[in-house]
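Participant: Using the sequences plus the hints, can you model the full thing?
So the sequences go chain by chain: C and W.
Using our numbering, the first residue of the first sequence is number 1, and each one after it goes up by one.
Using our numbering, the first residue of the second sequence is number 97, and each one after it goes up by one.
Just so you know, these hints were derived from the structure itself, not from any lab.
In this text, a Cβ means the ideal position worked out from N, Cα and C, and glycines have one as well.
Mixed in with the good hints, there may be bad ones.
[Said to hold, decoys possible] For lysine to any residue, the following SDA-like pairs were computed, each having C-alpha atoms within a straight-line distance of at most 20 Å:
| # | chain 1 | residue 1 | chain 2 | residue 2 |
| --- | --- | --- | --- | --- |
| 1 | W | 104 | C | 30 |
| 2 | C | 7 | W | 151 |
| 3 | C | 49 | W | 145 |
| 4 | W | 145 | C | 55 |
| 5 | C | 7 | W | 165 |
| 6 | C | 7 | W | 131 |
| 7 | C | 7 | C | 44 |
| 8 | W | 145 | W | 107 |
| 9 | W | 145 | W | 100 |
[Said to hold, decoys possible] Short, incomplete list of chain W residues facing chain C, as computed with Cβ under 7 Å:
| # | residue |
| --- | --- |
| 10 | 99 |
| 11 | 135 |
| 12 | 149 |
| 13 | 150 |
| 14 | 168 |
Take a look at the letters that make up each chain.
2 protein chains.
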Amino acid sequence: MVDNAEKKLLADTGHRIRETRAAQGLSLEQLARLTGISAPALSLIETGKRDPRLTTLNRIADALRVPIAALTANLSGIEEPNTPLPYEGYDLGDYQ
Amino acid sequence: MVDNAEKKLLADTGHRIRETRAAQGLSLEQLARLTGISAPALSLIETGKRDPRLTTLNRIADALRVPIAALTANLSGIEEPNTPLPYEGYDLGDYQ
DNA sequence: ACCGACCTTACCGTTAAAGATAAATTACCT
DNA sequence: AGGTAATTTATCTTTAACGGTAAGGTCGGT
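Facilitator: Below, the structure is given as structure tokens:
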């Protein structure tokens with residue numbers, strides 16, 4: 001469960017990065033120079049084969065001039081205020 | 097430039113995680129069980145001493161039932177609107 | 001066909017994330 | 001004060017991110 005969801009997260013995030021980069025007419029090599037991240041590493045991230053660190057994601061977002069949130073696929077089931085979760089909550093006793 | 101900004105990013109992100117966890121009355125040990133991430137690792141992340149991977153951040157966001165964007169500090173200089181490309185920016189003349 | 005720009009994949013070395021455990025520290029109680 | 005929970009820090013091992021380089025692959029253009 002975790003594994004497939006995480007693969008999808010990485011794939012979707014990579015997709016968003018690639019779309020954003022392509023929309024700006026940047027090549028991997030250009031983005032590599034802008035971010036300091038090598039082009040092979042960027043390729044792996046964009047194809048969902050690598051699990052980037054937060055600072056890596058931040059450097060990409062900075063270079064593409066979008067917030068990190070624009071790159072992180074949001075498939076966790078939560079989006080806006082409070083989506084009622086399909087599964088059991090934990091004991092959040094003093095919450096509310 | 098990158099270094100200080102990244103430290104601040106990690107510190108701010110960790111702070112948001114801690115605030116969200118505390119607001120739900122969860123201990124590090126409880127969050128560790130929910131995420132599969134060890135309590136020492138969570139402590140390092142919350143105190144900004146570790147650079148978490150995207151899937152790690154995602155597991156934390158899932159357990160806290162907030163989107164990843166709620167945890168990632170947004171100090172990249174860009175705000176909210178996902179600019180659909182004004183496209184006259186980006187002076188990459190020196191690159192290319 | 002060749003060419004050139006772009007992307008992918010594979011290998012290697014360095015570095016750091018992450019789990020486990022234990023120890024030390026701090027906070028919060030009565 | 002003592003006691004307990006919570007958190008931090010330290011050490012170790014395994015795993016993977018990342019850069020570098022080189023090789024392979026794809027596509028469009030002349």
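Participant: Hint by hint, say whether it matches the structure.
Facilitator: Hints and how they fare:
1. W:104 x C:30: The given pair, whose Cα atoms are some 26 Å apart, is violated under the 20 Å limit.
2. C:7 x W:151: holds, 9 Å
3. C:49 x W:145: violated, 25 Å
4. W:145 x C:55: holds, 12 Å
5. C:7 x W:165: holds, 19 Å
6. C:7 x W:131: holds, 16 Å
7. C:7 x C:44: holds, 13 Å
8. W:145 x W:107: holds, 8 Å
9. W:145 x W:100: Since the Cα atoms of residue 145 of chain W and residue 100 of chain W sit roughly 13 Å apart, the hinted pair holds (cutoff 20 Å).
10. 99: violated, 10 Å
11. 135: violated, 16 Å
12. 149: This hint holds: residue 149 of chain W lies near chain C, its Cβ roughly 5 Å from the closest one there, short of 7 Å.
13. 150: holds, 5 Å
14. 168: Constraint on residue 168 of chain W satisfied, holds at 5 Å.
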